[in-house]
Amino acid sequence: MSISNAFATSRSGLMATSTWAEVTSTNIANATTDGYASRSVTMTTSTLGDVAVTGVTRSVSTTLTAMVRREYAAMGTQEAISSGLEIYSTLLGGTDSDSSLTTKLGELQSNLVLLAADPSDSSRQRAVVTSAQSLAEELNTLSSTLESSLETTQDSLTSEVSEANSELEQLAALNAALKKESGDTERRASLLDQQDKILDSLSERMDITVTTESDGQITLRTSGGTELLRGDRAETLEYDKAAGTLSVNGTDITPGETGKRGFDEGRIAGLFTLQNTTLPEFQSQLDEVARALIEGFTALDDTLATGEPGLFTDAGAAYDASDLTGLAGRITVNSAVLPEEGGALWRLRDGIGADEAGTVAGEAGLINSYIDLLEGEMSFSAEAGLGDTATLTDYVVSLTTSQQTTLSSAESELESLSTSATTLETSRQNIQGVNLDDELIQLTAIQQAYAANSQVLTTLTEMIDSLLEAV
Numbered sequence: 003m004s005i006s007n008a009f010a011t012s013r014s015g016l017m018a019t020s021t022w023a024e025v026t027s028t029n030i031a032n033a034t035t036d037g038y039a040s041r042s043v044t045m046t047t048s049t050l051g052d053v054a055v056t057g058v059t060r061s062v063s064t065t066l067t068a069m070v071r072r073e074y075a076a077m078g079t080q081e082a083i084s085s086g087l088e089i090y091s092t093l094l095g096g097t098d099s100d101s102s103l104t105t106k107l108g109e110l111q112s113n114l115v116l117l118a119a120d121p122s123d124s125s126r127q128r129a130v131v132t133s134a135q136s137l138a139e140e141l142n143t144l145s146s147t148l149e150s151s152l153e154t155t156q157d158s159l160t161s162e163v164s165e166a167n168s169e170l171e172q173l174a175a176l177n178a179a180l181k182k183e184s185g186d187t188e189r190r191a192s193l194l195d196q197q198d199k200i201l202d203s204l205s206e207r208m209d210i211t212v213t214t215e216s217d218g219q220i221t222l223r224t225s226g227g228t229e230l231l232r233g234d235r236a237e238t239l240e241y242d243k244a245a246g247t248l249s250v251n252g253t254d255i256t257p258g259e260t261g262k263r264g265f266d267e268g269r270i271a272g273l274f275t276l277q278n279t280t281l282p283e284f285q286s287q288l289d290e291v292a293r294a295l296i297e298g299f300t301a302l303d304d305t306l307a308t309g310e311p312g313l314f315t316d317a318g319a320a321y322d323a324s325d326l327t328g329l330a331g332r333i334t335v336n337s338a339v340l341p342e343e344g345g346a347l348w349r350l351r352d353g354i355g356a357d358e359a360g361t362v363a364g365e366a367g368l369i370n371s372y373i374d375l376l377e378g379e380m381s382f383s384a385e386a387g388l389g390d391t392a393t394l395t396d397y398v399v400s401l402t403t404s405q406q407t408t409l410s411s412a413e414s415e416l417e418s419l420s421t422s423a424t425t426l427e428t429s430r431q432n433i434q435g436v437n438l439d440d441e442l443i444q445l446t447a448i449q450q451a452y453a454a455n456s457q458v459l460t461t462l463t464e465m466i467d468s469l470l471e472a473v
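To get this note's numbering, take the position in the sequence shown, counting from 1, and add 2.
It is possible that part of the hints are untrue.
Just the calculated beta-carbon pair ranges, DEER-fashion [claimed, not checked]: (1) T154 / S216: 43 to 51 Å; (2) S216 / A454: 32 to 40 Å; (3) D357 / L93: 37 to 45 Å; (4) S411 / D100: 21 to 29 Å; (5) D123 / E153: 39 to 47 Å; (6) K243 / T92: 20 to 28 Å; (7) K243 / N437: 47 to 55 Å; (8) K243 / G344: 39 to 47 Å; (9) K199 / A317: 46 to 54 Å; (10) S124 / D357: 14 to 22 Å; (11) D440 / A175: 31 to 39 Å; (12) E153 / N437: 42 to 50 Å; (13) E153 / S216: 41 to 49 Å.
Derived from the structure by calculation, the hints contain no laboratory data.
Where is the CB? At the ideal position from N, CA and C, for every residue including glycine.
Full structure from sequences and hints, please.
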């Protein structure tokens with residue numbers, strides 16, 4: 003090898019080592035940076051022995067990344083459901099809670115039994131009215147909380163869809179930038195870091211499939227196949243609050259809808275489950291309890307004219323089958339038995355429609371029929387999901403248990419998925435994260451390479467100086 007070739011080789015070695023040192027120092031500096039994938043340099047040697055850095059590559063595992071994102075999407079679903087039901091579930095309580103529907107219904111039954119033993123006792127009459135009011139108010143509170151939960155869910159959907167659209171636009175911009183970046187450069191690695199971080203976030207919102215091109219650009223689709231991103235063009239997700247739907251370019255991709263090319267996992271999917279399925283079903287079950295009370299007590303009272311309500315009313319009126327939705331939020335105790343509103347307690351014994359007290363003081367026929375109503379089987383809408391016949395007590399117990407199970411199942415599934423995601427994320431970070439021990443070993447190797455190349459240059463310089471002195 004000639005002296006000039008030796009100079010060139012050593013110089014190329016120093017330049018390659020300099021790039022290697024820069025990449026290694028960047029790794030160390032970003033060891034705790036979220037979303038940073040460790041870099042390594044790719045070097046080649048020419049036939050003349052020159053060393054060149056041909057690229058800066060990222061340490062990634064596409065398989066683990068895809069698995070992590072699937073877990074993120076599933077976690078997002080259960081997180082949305084559990085957080086959306088948390089406040090309502092607390093108010094609902096358990097079947098043995100002092101403030102539960104089961105307890106309040108039991109108090110009404112107990113007070114009716116006590117009143118039947120002495121129908122003229124005004125204190126017992128008041129106790130029945132108070133327990134009836136407490137039961138109605140509990141239904142009002144639960145219904146109102148469901149309504150608030152629905153509004154919160156819709157607001158969250160608006161926000162999540164907006165954030166998803168923003169992330170799709172960011173990914174489109176990154177695609178455009180990657181298209182202009184040729185080769186495995188540090189800038190390209192940085193762009194891919196940003197891309198992965200956004201994809202991780204988007205995966206928590208919705209289940210997506212990612213196709214990566216050789217230049218790093220990606221194409222995104224929903225898990226059902228609807229295209230969301232290609233090149234520098236991002237589609238726009240459109241949420242229709244009134245219709246309860248999600249679409250892209252007119253294509254319905256509403257989560258949970260059979261036959262739609264949408265997706266079933268992610269926070270957006272979980273929120274749609276709440277909006278379109280869970281909360282309406284919970285409301286329907288509460289409304290069935292209110293309907294059974296209003297209709298049942300009205301049917302037993304023969305002092306009422308057609309269209310007049312019994313002990314329980316729909317905001318003061320009789321039950322209207324065409325206006326069932328939200329009935330639990332409107333149920334009240336008839337003012338005819340409320341002295342503070344001009345009513346009279348004795349109407350519990352004589353009938354809501356009675357003009358004046360006329361029944362024999364010890365007569366408990368109507369009161370006993372109320373007791374039989376609450377203890378006997380009643381009809382319910384099977385569409386509410388709790389069967390079509392049951393005693394009111396059994397129906398309320400089933401309602402409470404079923405609704406609490408929905409939340410506990412979501413929380414349990416979230417915990418399980420969180421553990422799985424943490425395990426997968428740890429494995430991913432072991433591959434793409436920065437290992438400081440490895441980087442320090444790299445620095446030692448860099449130091450040795452730099453010293454060796456520097457020594458060669460020093461020796462060559464001394465050789466040339468010696469030759470020049472000999473001339």
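Against the structure, the hints:
Between T154 and S216 the C-beta distance comes to about 44 Å, which sits within the given range of 43 to 51 Å. In this structure the hint that S216 and A454 lie 32 to 40 Å apart at CB holds, the actual value being about 36 Å. Between D357 and L93 the C-beta distance comes to about 40 Å, which sits within the given range of 37 to 45 Å. In this structure the supplied range 21 to 29 Å holds for S411 paired with D100, their Cβ-Cβ distance being about 25 Å.
Here the CB-CB span from D123 to E153 is close to 45 Å, well matched to the stated 39 to 47 Å. Range check, K243 to T92: about 26 Å between beta-carbon atoms, so the 20 to 28 Å window is met. Taking the beta carbon of each, K243 and N437 are about 48 Å apart, inside 47 to 55 Å as hinted. Between K243 and G344 the CB atoms are about 42 Å apart, so this pair conforms to the stated range of 39 to 47 Å.
Roughly 52 Å separates the CB atoms of K199 and A317, a value that falls within the hinted 46 to 54 Å. Separation of S124 from D357 is about 19 Å and conforms to the stated range, judged on CB atoms against 14 to 22 Å. In this structure the supplied range 31 to 39 Å holds for D440 paired with A175, their Cβ-Cβ distance being about 33 Å. A beta carbon spacing of about 48 Å between E153 and N437 agrees with the range 42 to 50 Å that was offered as a hint.
A beta carbon spacing of about 47 Å between E153 and S216 agrees with the range 41 to 49 Å that was offered as a hint.
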